[in-house]
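Engineer: Using the sequences and the accompanying hints, generate a full structural model.
2 protein chains.
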Amino acid sequence: MAPTPHPLMTLTIDETNIARDVIIESHPGASIYFRINSLLEPAKAELTKFLDAEHSGQLTSSTPRPARLAEVKYDAIESGSKVPVYQEAWVDIRQKKVVKHELISTEFQASLTFPEFETFVEVCEKSPLFRKKIEEFKLPPGFEVVIEPWPYGGLDPADENRRFFQGLIFAADASKKNKDVNFYPYPLPLIPIMDWAKKEIVRIDELATGGNNDPLNSKTHAAGVLDHCQSADYVPELLEGGPRKDLKTLNVTQPDGPSFTVGDDQLIEWQKWRFRVSFNPREGAVIHDVHYDGRSVMYRLSFSEMTVPYADPRPPFHRKQAFDFGDGGLGHCANNLQLGCDCLGVIKYLDGVIVGSDGKGEKAPNVICIHEQDNGINWKHTNWRTGRAVVTRRRELVVQFIITLANYEYVFAYKFDQAGGIVVEARATGIVSVVNIDAGKTADWGNVVGPGVLAQNHQHSFCVRMDPAIDGHKNTVVYEESLPMQIDPATNPNGNRYEVRKTKISTSKGLDLDPLNGRVFKVQNLDKTNPISGRPVGYKIVPPVTQKLLAAPNSVQSNRALFAQQHVWVTKYQDQELYAAGKYTLQSRREVGGVADAVKRNDNTVQDDVVFWNVFTLTHNPRVEDWPVM
Amino acid sequence: MAPTPHPLMTLTIDETNIARDVIIESHPGASIYFRINSLLEPAKAELTKFLDAEHSGQLTSSTPRPARLAEVKYDAIESGSKVPVYQEAWVDIRQKKVVKHELISTEFQASLTFPEFETFVEVCEKSPLFRKKIEEFKLPPGFEVVIEPWPYGGLDPADENRRFFQGLIFAADASKKNKDVNFYPYPLPLIPIMDWAKKEIVRIDELATGGNNDPLNSKTHAAGVLDHCQSADYVPELLEGGPRKDLKTLNVTQPDGPSFTVGDDQLIEWQKWRFRVSFNPREGAVIHDVHYDGRSVMYRLSFSEMTVPYADPRPPFHRKQAFDFGDGGLGHCANNLQLGCDCLGVIKYLDGVIVGSDGKGEKAPNVICIHEQDNGINWKHTNWRTGRAVVTRRRELVVQFIITLANYEYVFAYKFDQAGGIVVEARATGIVSVVNIDAGKTADWGNVVGPGVLAQNHQHSFCVRMDPAIDGHKNTVVYEESLPMQIDPATNPNGNRYEVRKTKISTSKGLDLDPLNGRVFKVQNLDKTNPISGRPVGYKIVPPVTQKLLAAPNSVQSNRALFAQQHVWVTKYQDQELYAAGKYTLQSRREVGGVADAVKRNDNTVQDDVVFWNVFTLTHNPRVEDWPVM
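Those sequence lines, one after another, are chains A and B. When we follow the numbering used here, the leftmost residue of the first sequence carries the number 95, and every step to the right adds one. When we follow the numbering used here, the leftmost residue of the second sequence carries the number 95, and every step to the right adds one.
Hint data in this document are derived by calculation from the structure and do not stem from the laboratory. Check each hint, because a few of them may be wrong.
Because identical chains share one entry, a pair is satisfied inside a single copy or across any pair of copies.
Claimed, not checked - In silico DSBU-like cross-links for lysine-lysine, where the CA-CA straight-line distance does not exceed 35 Å:
1. LYS622 - LYS339
2. LYS568 - LYS226
3. LYS622 - LYS313
4. LYS616 - LYS191
5. LYS342 - LYS509
6. LYS366 - LYS271
7. LYS677 - LYS232
8. LYS616 - LYS509
9. LYS568 - LYS677
10. LYS194 - LYS622
11. LYS634 - LYS313
12. LYS442 - LYS342
13. LYS270 - LYS366
14. LYS313 - LYS596
15. LYS457 - LYS271
No experiment lies behind these values; they were computed from the predicted model shown.
Structural biologist: Structure below.
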């Protein structure tokens with residue numbers, strides 16, 4: 095048997111297949127539809143023992159290792175039944191047995207899978223209801239329908255809790271004879287809804303195409319709805335005159351290779367950093383067990399959730415709200431980074447493992463890329479007396495993954511610097527989500543970015559989960575503000591003083607930024623004093639200043655994204671509590687088991703195993719310049 | 095005679111010398127101490143006519159050109175007098191005559207010059223008072239005194255309005271036999287004050303070295319005050335073990351050269367951008383007449399002012415407040431960027447011209463550098479149906495200058511992107527300003543960053559001045575906020591809508607950011623509609639979210655920096671109104687002629703010649719990690 099992998103390593107294809115086989119054997123005669131089959135990270139109490147041994151150089155072949163566990167999520171139709179039942183199991187890979195098994199309440203929907211999306215497209219294409227509606231539009235000659243599957247969004251009060259899929263519909267100009275012709279400039283005003291159990295289009299929502307002066311529920315569209323739309327291509331061969339030709343080559347070369355190493359066991363070492371990277375289908379790349387110069391900084395660092403609510407008030411656009419981690423698992427959508435030339439310099443890639451509905455492990459190649467980059471001057475000082483300038487460049491190590499979710503791309507990166515700092519970055523690119531609008535109209539809930547094309551206002555609320563370990567696992571979160579002080583003869587005689595006020599978070603809670611008071615956060619270890627400053631050792635967290643979720647507090651959009659209603663959440667660690675909006679987000683009406691619930695435990699957070707969640711939100715009121723690719 | 099330079103070109107050395115000669119001739123027999131001798135930019139009404147002709151291709155040798163004017167600032171001691179009188183004149187270079195002359199009220203202090211700093215150091219070194227004080231400290235063997243000249247700061251109510259200089263005092267360990275040994279780790283607790291007219295140290299302020307539990311005015315220091323200090327070097331040859339050796343080479347090569355051109359007349363063209371760069375001793379690099387794709391964007395873009403107030407409440411630290419543009423002119427302190435290897439790739443340099451006290455023009459070599467850089471992914475989209483990924487890199491054009499102000503360095507950059515965006519960047523590096531603190535003590539107004547070394551809390555308030563010209567000079571500033579809306583059956587039935595509210599600035603005023611409401615600014619041209627969106631054309635300004643000045647509103651620090659008490663100022667253009675804190679900042683007690691005064695005119699700012707001033711402030715509560723170079 096192969097040597098046991100490091101406990102944090104992504105499940106190998108072999109391990110994945112073992113877990114699959116164990117599940118199939120545990121349901122004799124059943125038909126099984128696999129959804130997820132990936133590593134269940136060890137319980138922290140177990141893993142820290144192992145990591146302590148590793149870091150102290152005590153690791154031997156006889157050191158006890160946490161069990162290798164697969165978390166398998168699947169629907170099973172038992173022999174003699176016709177009803178798929180969603181369930182989740184933990185499989186011990188070594189022992190080849192199920193160690194935990196749970197039937198999931200029908201209150202929750204399993205996260206969706208690519209095969210489901212494929213089914214939706216097929217059902218849609220065959221649907222007479224759908225075809226009839228399309229015919230009514232009288233598409234221009236040579237145009238073909240394109241179906242863009244979406245999660246259904248939050249259920250309406252009147253909706254039955256069934257498993258639904260919806261689709262945004264566009265038309266592609268096939269006469270250009272290019273499979274990558276941009277179809278988004280031709281939005282068709284209808285949304286077909288599929289009932290998953292029935293595999294049938296059960297309803298078609300007709301979309302209004304009006305503007306400010308039309309009632310919200312008007313259906314002003316008619317045949318010829320694409321006649322005022324215009325192509326807007328982005329693939330180079332379809333650009334009139336081609337791409338810009340006046341940009342000269344800029345090469346980055348690293349003749350001696352990179353300065354970092356990537357071990358077979360996903361261990362990355364660079365400068366004074368040492369950490370591990372894993373990949374899972376829900377969160378993408380996750381950073382583990384981060385040390386700097388031999389000192390512990392972070393137990394786990396991950397992107398936890400993102401929700402994208404749209405602000406067009408016309409029904410059914412309130413259901414245009416994706417939870418890109420919880421609904422579908424964005425790890426499933428990770429780009430192969432070797433296609434597309436995304437980075438410069440010497441790049442190392444890591445593969446992931448995903449499964450299809452048969453549960454078999456399959457390599458997801460090059461889903462993580464690791465490279466160094468130069469980011470300008472690091473520091474400089476000139477002694478003006480001697481003219482001697484000393485300058486260093488800022489080198490960064492970037493661990494990056496990129497996902498495609500229909501029209502959108504997200505670029506996620508963890509950037510490590512040479513001075514103990516980590517920058518966590520989320521960038522949005524790709525194509526804005528658009529709907530059809532009548533010629534000459536404008537609408538307050540979006541911006542017309544191309545003829546007949548309204549880009550709806552929307553937000554992206556991200557949550558980054560930081561599980562710090564500042565010189566150990568007992569930490570305390572403090573926020574620090576810089577506040578004006580009155581003139582006072584005893585304490586501030588000339589009025590130039592300001593107060594640096596520190597406030598300790600003593601129990602789990604959600605709280606907001608206060609940018610005009612300079613609020614920053616520190617994770618401190620109050621048991622350890624910095625010998626120079628005489629103050630507790632700590633690690634500063636500077637959350638980006640953004641808005642919060644704007645949807646009305648009593649709206650479904652808001653209720654299912656309680657996490658996005660505060661900038662910061664401080665909780666006490668619990669195994670498996672990784673997801674800001676809870677484990678099940680698909681079609682949710684309210685966030686369950688997310689950070690808003692976690693803080694209600696009112697746990698102690700002083701010198702305890704604290705977790706810091708930071709929510710940041712891009713409010714995107716689109717501009718003409720965002721079109722066709724932003 | 096040489097052809098007339100472009101009206102925006104920095105004065106040549108020849109032109110500078112002509113202006114000098116004209117001034118000398120206008121004061122027969124006088125002794126003249128030159129301070130500034132540089133281009134006075136043409137009045138806007140004149141220059142725009144010229145630029146309109148240039149852009150419309152109508153420029154001929156007979157096109158009327160604005161006069162080439164030098165602004166000369168100097169002290170003159172007339173024959174028979176002993177009193178230097180500060181005055182300012184405009185010299186017409188072609189006509190070789192003074193066209194305007196003004197004796198400046200003694201209420202204002204001229205900005206300081208390097209020769210004055212040199213005089214201060216000489217006077218200090220010779221001062222018996224200063225030498226006696228130094229002797230009392232009983233410096234360790236081999237240590238030499240280092241004098242760091244500083245502007246005096248805001249006058250105390252009791253101060254006579256004379257011209258003062260102050261100095262921070264350190265000791266250098268000469269036994270290391272390295273002229274670039276770091277002396278900042280050895281701060282001596284005294285500040286000598288020179289009266290410029292007398293050329294004499296008239297007072298020595300003794301500094302407290304205590305901490306939180308000591309009274310603010312205590313003088314707890316004594317002989318042996320450096321005994322608990324420790325070296326902290328940054329030049330490579332003094333680092334124990336040398337610099338890090340585990341970083342491998344990263345080269346940026348541009349085999350075909352850069353994609354931009356720099357004309358002899360300071361015209362820069364790159365991608366769809368076209369603009370000019372000039373250099374002056376007060377503001378450093380200034381950007382003029384910016385066009386994108388043939389459309390006008392900006393008439394002038396500059397860094398206008400910066401103030402750095404320190405928050406240590408103990409006298410006399412309230413006078414530690416530099417105005418780095420107004421007090422001394424940071425253009426004077428610009429680094430030669432060819433020394434110090436500051437950029438990668440193919441770099442072009444521009445020279446400036448400065449003058450000494452003799453008024454003669456002297457080349458300031460390589461004070462501006464221009465280069466391209468790669469800044470990651472620009473945009474990407476993958477068609478998940480075909481797997482085709484299209485990705486572009488983000489190339490930027492950077493116009494940069496770096497200044498050294500004693501311990502600090504500032505890196506200023508204008509970055510132009512490929513999509514019409516400009517990022518204006520100010521970065522602080524170098525060495526934090528420190529004072530001596532007794533062993534074992536801490537202080538709320540700073541952080542102990544090295545043994546015996548307290549880095550005082552402080553702020554840097556920058557102001558960027560934007561003189562927009564969006565498709566012409568008649569523009570309007572609007573701010574836009576994204577605001578939640580209640581659920582309402584008629585307007586927001588499902589609660590997902592939010593309001594994008596636009597507010598027009600109709601008269602000149604100062605205003606603040608409102609980050610949690612997503613307040614951004616747009617300079618719009620209400621006379622021109624974007625044919626796609628149906629909305630006015632405009633250019634969005636996204637000011638960085640920072641604190642404002644924290645000093646008490648009735649403090650001298652605050653009164654002399656009224657500009658730093660709002661994030662944004664909108665004014666109506668006036669010739670020569672370039673400086674946020676007013677023309678004269680040295681030793682000021684109150685801001686005069688700055689933005690706070692300008693807005694009081696209550697000018698119309700709707701479709702008028704508006705100027706947008708953005709103030710952003712770094713609050714720096716230093717960390718141990720900032721030492722010795724941050």
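Engineer: Next, verify each hint and record whether it holds.
Structural biologist: Structure-based check of each hint:
1. LYS622 - LYS339: between (58 Å within a copy, 31 Å between copies)
2. LYS568 - LYS226: Neither way: LYS568 and LYS226 sit 63 Å apart in one copy and 53 Å across, limit 35 Å.
3. LYS622 - LYS313: between (66 Å within a copy, 32 Å between copies)
4. LYS616 - LYS191: neither (43 Å within a copy, 62 Å between copies)
5. LYS342 - LYS509: both (28 Å within a copy, 18 Å between copies)
6. LYS366 - LYS271: between (53 Å within a copy, 31 Å between copies)
7. LYS677 - LYS232: neither (43 Å within a copy, 68 Å between copies)
8. LYS616 - LYS509: both (19 Å within a copy, 32 Å between copies)
9. LYS568 - LYS677: within (26 Å within a copy, 54 Å between copies)
10. LYS194 - LYS622: Intra 40 Å, inter 66 Å, cutoff 35 Å: neither.
11. LYS634 - LYS313: The answer is between: 34 Å across copies meets 35 Å, while 53 Å in one copy does not.
12. LYS442 - LYS342: Cα proximity of LYS442 and LYS342: in one copy and across copies (26 Å, 15 Å).
13. LYS270 - LYS366: Classified as between: cross-chain Cα gap 29 Å, same-chain 53 Å, threshold 35 Å.
14. LYS313 - LYS596: between (56 Å within a copy, 28 Å between copies)
15. LYS457 - LYS271: Classified as within; 32 Å inside a copy, 61 Å across copies.
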